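Peer 1: All chains, please: the whole structure from these sequences, using the hints.
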Amino acid sequence: MASLLLDNVTKIYRPRGKAPVEAVKRVTLDVKDGEIVALLGSSGCGKTSMLRMIAGFEDVTEGAIKIDGKEIHRLAPAERDVAMAFEGYSLYPPLKVRENIGFALLRQRGAGADIEARVKEVASLLEIGDILDRYPSLISAGQQQRTSLARALIRRAPVSLLDEPMSQLEPQLRAILRARLKDYLIAHKMTTVFVTHDQTEAVALADRIAVMEKGELQQFGTPDEIKTSPTNLFVASFIGEPPMNIFAGEVSPVSGGVAVRGFGPDGTSAFALKAPGLELDASRRVQIGIRPHLIRTGTGASDATGRVITNHWLGDQSHISFDIGGCTVVGVTDQPIAARAGDALPVGFPLRAIHLFDPETGNALAHGLDRAP
Amino acid sequence: MERVSTLERAIRTVLIVLVLVFFLFPIFWIVLMSFQNNDQILRIPPSILFEPTLANYTTLLTGKLQTTAGNLDIAFLKNLGNSLLLSTGSVILSLILGVPAAYAFARFKFRLGENIAFTLLSFRFAPPLLVLLPLSLYFKQLGLTDSYFGLIWIYQLICLPLILWIVRGYFEDVSPDIEHAYRVAGHSWWTTFRKIAIPLARPGIAAAGLLAFIFAWNNFVFALILASADKQPVTVGALAFVTASGIQYGQIAAAIVLSVMPTLLLALYAQRYLVEGLSLGAVKG
Amino acid sequence: MSGLVLSHISKGFKSGKVLEDVSLDVNAGEIVAIVGPSGTGKTVLLRIIAGLQEPDGGTVAIDGVDMTEAAPESRGVGMAFQNFALFPHFNAFDNIASPLTARHTPSDTLKEKVGAVARMLKIDHVLGHAPRELSNGQKQRTALARALVAQPKVLLLDDPLRNVDAKLRYEMRMELPRLLRSYNAAVIYVTQDYKEAMALGDRIAVLRGGRIEQWASPRDVYAAPASVEVAKLFGDPTINLLPATVAQGGIQLLGRAVPTPQASGAVIAGLRPEHLTVSRSEIANGIPCELDAVMPVNVRSVLYMRGPAGEEILATVGESEAAKFGREHRQVWVDFAPENVLLFDAASGARIGHPAH
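Protein chains in written order, with this note's numbering: chain A, 1 to 373; chain B, 1 to 285; chain C, 1 to 357.
Hints listed in this document are in silico derivations from the structure and should not be mistaken for laboratory results. The model shown is predicted, which means the values in this text are computed figures rather than measured ones.
Below, computed lysine to aspartate or glutamate pairings styled on EDC-like, alpha-carbon distance capped at 20 Å:
{"hint": "1", "chain 1": "C", "residue 1": "Lys324", "chain 2": "A", "residue 2": "Asp183"}
{"hint": "2", "chain 1": "A", "residue 1": "Lys25", "chain 2": "A", "residue 2": "Glu62"}
{"hint": "3", "chain 1": "C", "residue 1": "Lys167", "chain 2": "A", "residue 2": "Asp198"}
{"hint": "4", "chain 1": "A", "residue 1": "Lys189", "chain 2": "A", "residue 2": "Glu35"}
{"hint": "5", "chain 1": "B", "residue 1": "Lys109", "chain 2": "C", "residue 2": "Asp56"}
{"hint": "6", "chain 1": "A", "residue 1": "Lys120", "chain 2": "C", "residue 2": "Glu312"}
{"hint": "7", "chain 1": "C", "residue 1": "Lys122", "chain 2": "A", "residue 2": "Asp323"}
{"hint": "8", "chain 1": "A", "residue 1": "Lys214", "chain 2": "C", "residue 2": "Asp165"}
{"hint": "9", "chain 1": "A", "residue 1": "Lys189", "chain 2": "C", "residue 2": "Glu290"}
{"hint": "10", "chain 1": "C", "residue 1": "Lys167", "chain 2": "A", "residue 2": "Glu213"}
{"hint": "11", "chain 1": "C", "residue 1": "Lys324", "chain 2": "A", "residue 2": "Asp207"}
{"hint": "12", "chain 1": "C", "residue 1": "Lys232", "chain 2": "C", "residue 2": "Asp345"}
{"hint": "13", "chain 1": "C", "residue 1": "Lys324", "chain 2": "A", "residue 2": "Glu225"}
{"hint": "14", "chain 1": "A", "residue 1": "Lys66", "chain 2": "A", "residue 2": "Glu35"}
{"hint": "15", "chain 1": "C", "residue 1": "Lys324", "chain 2": "C", "residue 2": "Asp335"}
{"hint": "16", "chain 1": "A", "residue 1": "Lys70", "chain 2": "A", "residue 2": "Glu35"}
{"hint": "17", "chain 1": "A", "residue 1": "Lys189", "chain 2": "A", "residue 2": "Asp207"}
{"hint": "18", "chain 1": "A", "residue 1": "Lys120", "chain 2": "C", "residue 2": "Glu311"}
{"hint": "19", "chain 1": "C", "residue 1": "Lys153", "chain 2": "C", "residue 2": "Glu30"}
Cβ-to-Cβ under 10 Å is the rule here; a few derived chain C residues that face chain A:
{"hint": "20", "residue": "Arg173"}
{"hint": "21", "residue": "Arg272"}
{"hint": "22", "residue": "Met295"}
{"hint": "23", "residue": "Glu312"}
Not the full set, but computed from the structure, chain B residues with beta-carbon under 8 Å of chain C:
{"hint": "24", "residue": "Asp177"}
{"hint": "25", "residue": "Ile178"}
{"hint": "26", "residue": "Ala181"}
{"hint": "27", "residue": "Val184"}
{"hint": "28", "residue": "Ala185"}
{"hint": "29", "residue": "Gly186"}
{"hint": "30", "residue": "His187"}
{"hint": "31", "residue": "Ser188"}
{"hint": "32", "residue": "Ile196"}
{"hint": "33", "residue": "Leu200"}
Yeah, the Cβ is synthetic: ideal placement off N, Cα and C, and Gly gets one too.
Peer 2: Given below as structure tokens:
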């Protein structure tokens, strides 16, 4: 369809009588033709402002936005050739669901009889085929959201913008609709930017994720990059459910490698690991991050002994939390673990699961201590 | 797009000034009039340059009106006192009756509830003159004519519907869960009503009370018919300035300024309640 | 007995029946999770227990005493509301203290108790703040502290984590069991999130259409759901449901014969996504499917596939396998073990037979 470039884009709001707010700070994003990009962050991080700037509902304070190399940020929204699904749905109340979805196609010449077929296709994709003749006020919030999404998808516009497209989705439909949506976007090579606060949705759908916080782009990379090499503590703790375990700690040189020690809340050593093959000149303080899914328990694990706090079997995975020297450590396994609260279990921290961060700046120092630096 | 051009800002300023002039000029003019004598007021063309006089106010405060046709006794201060008594009394009475009723209408769905609420509101639709004649007959029979109690009772008919409908809206805005939480915490219904429902509807109660006070204060026709000279409020009392020797514009202006004062002060005082947000962030959403 | 016993509770409104013959018992120190889609009467049930609504029939007994007619303030129940329902004109301390003031607790005991519960929930530094000055997480903890402070015999939690962010919700999921157990109350925990229910509940009641559809341990609800609807509620991604007809003692599932000795007629076969294995290269007996989309989740990935007859199938696979699949459609081979198939009656939705677990 088209490529999209945000070139050093800044957005400053100047509310009357208040200090100006820098909602987006010099963000550069290049979205390739046909790529699906997620803008991920908590509320107020600037992700919606970015989407609205691309759509043309907000001015760009500084910088440029280009579609296929052509500057569009001074054009009116209708001239930009973007489709948008709004978080608030914004359906036309006097029109039926069918007409709402087909509305944007009426403007396109040559669509003709094709409209009906395309409405049906996208409606069945989003499981709203049976409510096409209802009015928006008579359908549930989840259905309204899907209608709004359908209205944006049906256009197959050069750039599609989706604002929290699945936040109201009924849980039982979530997985299958995400799957169909992803398949549809890829099949039609649709360049898509979607905003979400839900990291599972971002990871599931996107080719690349832009993690935002306080108006700044924290990291822009594939879900895998973001998971395995988060640039800083914020990204590391935002991605993953349960979030990454993080402890204060220290690394120090020892013969034949590096020793990593994690501290409990009282500052005493809670666990110690040895990373052979790494070299370090002097000791330094670090923040240690360990992904719950990579923590091992039971036989073969010997890095620490954990006292079980909670042990929950969720049908297809176990979530278990330990107390290790005052640190609470959460682990996830595929198999049920036979342990009760209070039991002591051996716990293993594979070196490849260890991330080190600078305690002051939060920036990443190392990912996976088994890799040579 | 939130960018505002200079032209737009200028137009906006001009419009605001026009609106302010439109609304505030009459008040400004009345204040000026209250410091002028009748000759100055009736001069053509009018002028805002004049030698101010306090004569109008002294007349009102001493109660002696000197006209070319002789001296008259004016019971303006007495009228002012009556107005205060009648308005305050009726507002308090309608708050006592209206707030619990508003709560009941807001919280409980009962048969004919809506009809009763609407009937109460419809008291406001009937022209007062329509009910005055039968009312004055009833009052004679009951011996309520020319009594403060009788007048407050009638005034309360003006206030009650207002209070009922405004406060009901505020009660409806308070999540019932907040009251339920207090009940479950172990408090009785009555404590919950006093400690939770009333304080949370306070902005609404203040607004409704103020509005009711103004309506009661401005009432003319009930008092004209049902009250004798010594029970009359200012609205009726001001008639005295229409004398045999002409209309005393100066005194009327001064009377207006003085009679506006209590409502104005009350409004200023209650302002903080009126603007205070209802949702104080206790409930999500 | 100590704890809460509900017997044959029913409740209807003008719009229809909301609860029908609901019976439950919760022992002191036990957590019962009530799960169900919205609008199934979960909240009404809590209100009936709290005394905020009267049931049309049935009884509520707390510690062996019939409380059906008792006023809410005399039941000794603590409740946390989904929307927090803090008193906006009280600060956090007074909010938490409100159950104690009702019991005329002397002020030093009151301070001590509020302080203790606030420390436990890590909100002791914001006790002087008004609710509007609290973050969502702090509001939620304040509401929880208020429900706990008077050590109620019965604790009702109405989806208390609904309105807090994902990270905090997860933290609380880990923290709550220990906290709740230390109070030894009979806890009813209402939620729409099956993971929360499985993590927190000692037993789970699945409420659908005002009836208890299943009343069992978390493990059993997941492994042996009573009906199609229960199976759909528990599991993420949702269970694959494929209609089939029993012929000659078996069904054809994705083109493969599966023996179904107990079943007959029209059935629905349920296959959980984690019970499917997916291979890139042809395997013996593998079912050829088209892989349409790959969606990573933590260290797993959800694969979206089309079966031999175009059926939509979801499968969960580990990280290492998922990395091999690209963005384009491609052919894969799927396998499953027949003993993992759950069978449901197509007409009633009820599960047939006993699956191995």
